[in-house]
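Protein chains in written order, with my numbering: chain V, 1 to 270; chain A, 1 to 562.
Watch out, some of these pointers could steer you wrong.
Claimed, not checked - Heads up, simulated DSBU-like pairs for lysine-lysine below, C-alpha to C-alpha not over 30 Å straight-line: (1) A:K273 - A:K135; (2) A:K135 - V:K208; (3) A:K211 - V:K208; (4) A:K270 - V:K208; (5) A:K270 - A:K215; (6) A:K215 - V:K208.
Said to hold, decoys possible - So, partial list: chain V residues that the calculated Cβ filter (under 7 Å) puts toward chain A: (7) G203; (8) T204; (9) M264; (10) D265.
What the hints assert, rightly or not - The calculated label-pair distances, taken between Cβ atoms and stated as ranges, are: (11) A:A522 - V:T89: 46 to 54 Å; (12) V:G148 - A:D385: 42 to 50 Å; (13) V:P251 - A:A22: 56 to 64 Å; (14) A:K270 - V:R66: 39 to 47 Å; (15) A:A22 - V:T233: 31 to 39 Å.
Keep in mind the hints are simulated off the structure, nothing from the lab.
Using N, Cα and C, we set each Cβ at its ideal position, and we do this for glycine too.
Chain residues, written in single-letter form:
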Amino acid sequence: MYTTAVTHGAIVLCGGLSKRMHRAKAFLPWRGRTMIEHVVGVLRQAVDDVVVVTSAELDLPAIDARVVRDREPRLGPLGGIREGLDASTAGLCYATSTDAPFLTAAFVRKVLSFGGAAAPEADGVVQSLAAAYPRALAPVAARLIAGGRMRPLFLLEEAGYRRIAAAELPDIESLQNLNTSDDYLAALRRDGADMRATVEFLGTARAKAGVATLDVPAGRLEEVLRAVRERMTIDDAHLLSLNGRQFVRDPAVPVGPGERVLVMDAAAGG
Amino acid sequence: MHGFHGRYWRFDLTTGRGAHVAIDEAVLRRFLGGSGLGAWLLHREAPRGVDPFAPEAPLVFAFSPLVGTPLTTSAKFAVVAKSPLTGCISDALSSSHFAIAGKRLGVDALVITGACREPSELVCGDLRATPHWGKTSAETEAALASHGRVASIGVAGENLVRYATISNEGRHAGRGGLGAVMGAKKLKAIVVRGDVPTPLADPARVYAIAKDLSKRSFGPATAKYRELGTVANLLTFNRLNALPTRNFQASAFEDAPALSAERLAPVREKAQKSCASCTIGCEHIWDGTRMEYESLFALGPMLGVGDPDAVIALSRRCDELGLDTISAGGTIAFAMELTQRGLLDGPRFGEVPLPLLDDIAHRRGLGALLAEGSKRVAEQRGGADFAPHVKGLELPGYDPRTLQTMALGFAVGTRGADHNRSGAYELDFSERVDRFHGTEDAARLAIGPEDRAALIDSLILCKFLRGVFTDLFAESADMLRAVTGWEVTADELRATAARIVNLKKAFNMREGWTPASDTLPARLFSDAFPRERLERMVRAYNLARGWTEDGRLTEAQLAELP
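Same shape as in the complex, but just chain V:
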């Protein structure tokens, strides 16, 4: 009698609004790469098939994973898990959020080793975004969504999941998430990151600052601008861009290591 080994895959949920982070978590710098590249890289060490689920609006850079988009917006993590299970070619998938900076391959393999639905429990809380979901649960997820039962925990319960005690798991810091910019900055410091960023001055700001670029400590935008304000006034006449991609004004936006804040004239354009 033959048994077919269950193939292992992973799902990364990338479509959240990241409201408390004030910017998309996928693009946060981590260990020289973006967070999404880092997490996908870790998962690739443990599984063969990685699916990243993103929102309709979020465009990701080229990554070593298949990218699918939420077919409906704002369905939360359960919607993302459903999308990932539908897209996956693996029989059993580890589902994670994007913001898992300390995730290890060993942790992922252990969660998948139970062979079916399984989720760690830490401090009495079921970690549904560090859990294993059989692909066969995709229609169950669809049924729960249609019924308005939107929590991933319901899916795990329907599957009769295996509770994994913290003591059974290696690298328990894999469970750490980053909800706020302060969480992210603290994680960087804990990781020993080189906390330097750069401000680049363009247009009239360059003459006012007296330099083209300025090295500053990475941190919240308001901290970065504190260094800039020693050289020039930043007001409504200026526009700030993070890495030339995203315009920012929220003082709580985290500016990570190696990132650049561009200061330019607000009357950009004609």
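Model the placement of chain A on the given structure of chain V, informed by the hints.
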């Protein structure tokens, strides 16, 4: 009537006779002046389907209620005609004393029809043979300055280059080839001088508003224009991957730092000037040539030219010949890519095409082909997928692939690819949209800057002042009330702005616009910017304007228009 004169002067070059034509005050209230009034006059005076070069094609110079007041940046006028480049309406704005002098003729607009038998100039109502045919606009203006204020064409206009300009005091009604319309009439110059004042309804209030506006115009909202000029855009756009390069083959230019205002202004800028009645002073003169971003981009990165001396020389020559720098640069860049692909024996990227500008202006050699604009060059030589135009108007220096709300603005603009009438880039340069991922919401938001542009272009004020206003419609209503005495409100002006956009669209519909033209060159589409995304945005914009999904005005909207 206050702020207006309630009439325009129509001069028939064929008969050599002019006459005043009344304009109902209700029309002026519904369409204001400048771009709005010009569009209304074009509807009225242009026969349906008229060839832009035909004698019957009117050339409109429209003034505005604010011209001649002490309001800063108000010395502007609109030149409106059917464009020989696009076949659509082209409303170009220009500045300075011609506007003031023109309105002091006691008219709200000049409408020139017919054609002269020989090259002529219209000097204070007197049509006569011109000795200035073949001269630059600057030379012509200098020769005629004793008679009044001069608007004239260069050699390019004389030779009907489809993107020839009309120039005055070194400013240009640049886009759409209105200089060629004037050239087709064999009209070299128009000189105006008048002494008819325009009464103001509440002069004290006008002066108070003017004083406040002047003070605010010195603030941070205009700092860029005052301190560096629009050339400051180049390095910023390059950094944001929004600088069209080598005919849109790339979005950043390796030599941008060498052309940047940050590097050049400290050593090249020798003078700074402003239009009449302007407190901003945005004209930055580098080595004797007024440099603007659009000229810098079109004659630099678009051509792969990174030598600032060369770009300044090219820009100066365009001014002397009376060529729109954006269309000249775009058309030559297209020719460079055709050459690169073996489809043309022409200039190459990186070469400095100074002699070619003269060939274009004189329609000789390859210049005869390039004088037609990139759309017609593509029709003859191929390469439509990468011809850098919309509706025939060459794209300005905003890469639509990384400014996707601006992409929508280009696609739907009534003039063609036009950042100025759209203003959608304001959204791309903000946190309100993702410039790399255009959405239907962004498309709907793009109506705001477009309507504000329509209002500003009809009042007329300078768009560089736009950041000074807290509420443009409310403040404009205040200005108009003081000038005209009308009990006009912000809501009325919002409706007026939308009506003016509709009016321009209606003209295009009348002249053969089709929905298929609301798009971009094929080369600009990719996985990062799928065609379907732009199509969804265009549909959303159309519906938000109250038009049909494919962009036609409804019967009710058309009924409101002339």
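Structure-based check of all given hints:
1. Simply put, K273 of chain A and K135 of chain A have alpha-carbon atoms about 24 Å apart, close enough for the 30 Å limit, and the pair holds.
2. A threshold of 30 Å between alpha carbons decides the hint, and for K135 of chain A with K208 of chain V the separation of about 43 Å lies outside it, so the pair is violated.
3. Simply put, K211 of chain A and K208 of chain V have alpha-carbon atoms about 28 Å apart, close enough for the 30 Å limit, and the pair holds.
4. For the given pair, K270 of chain A sits about 20 Å from K208 of chain V by alpha-carbon distance, which is consistent with the 30 Å threshold.
5. For the suggested pair K270 of chain A and K215 of chain A, the alpha carbons sit about 26 Å apart, so the restraint of at most 30 Å is met.
6. Under the criterion of a C-alpha separation no larger than 30 Å, the hint pairing K215 of chain A with K208 of chain V is consistent with the structure, at around 22 Å.
7. A hinted interface residue such as G203 of chain V counts as satisfied when its beta carbon comes closer than 7 Å to some beta carbon of chain A; here the least separation is about 4 Å, so the hint holds.
8. For T204 of chain V, the interface hint holds, the least distance from its beta-carbon to any beta-carbon of chain A being 5 Å, beneath 7 Å.
9. The restraint placing M264 of chain V at the interface with chain A holds, with a minimum CB-CB distance near 5 Å, inside the 7 Å limit.
10. With a cut of 7 Å, the hint placing D265 of chain V at the interface with chain A holds, because the nearest CB-to-CB distance is about 4 Å.
11. Checked against the hint of 46 to 54 Å, the pair A522 of chain A and T89 of chain V fails, with Cβ atoms roughly 35 Å apart.
12. Checked against the hint of 42 to 50 Å, the C-beta distance between G148 of chain V and D385 of chain A comes to roughly 48 Å, which is consistent with it.
13. For P251 of chain V paired with A22 of chain A, a C-beta distance near 59 Å keeps the hint of 56 to 64 Å intact.
14. Our hint of 39 to 47 Å for K270 of chain A and R66 of chain V is violated, since their Cβ atoms are close to 58 Å apart.
15. For the pair A22 of chain A and T233 of chain V, the supplied restraint of 31 to 39 Å is violated, since their beta-carbon distance comes to about 53 Å.
Of the hints listed earlier, those the structure fails to meet are numbers 2, 11, 14 and 15, in rising order.
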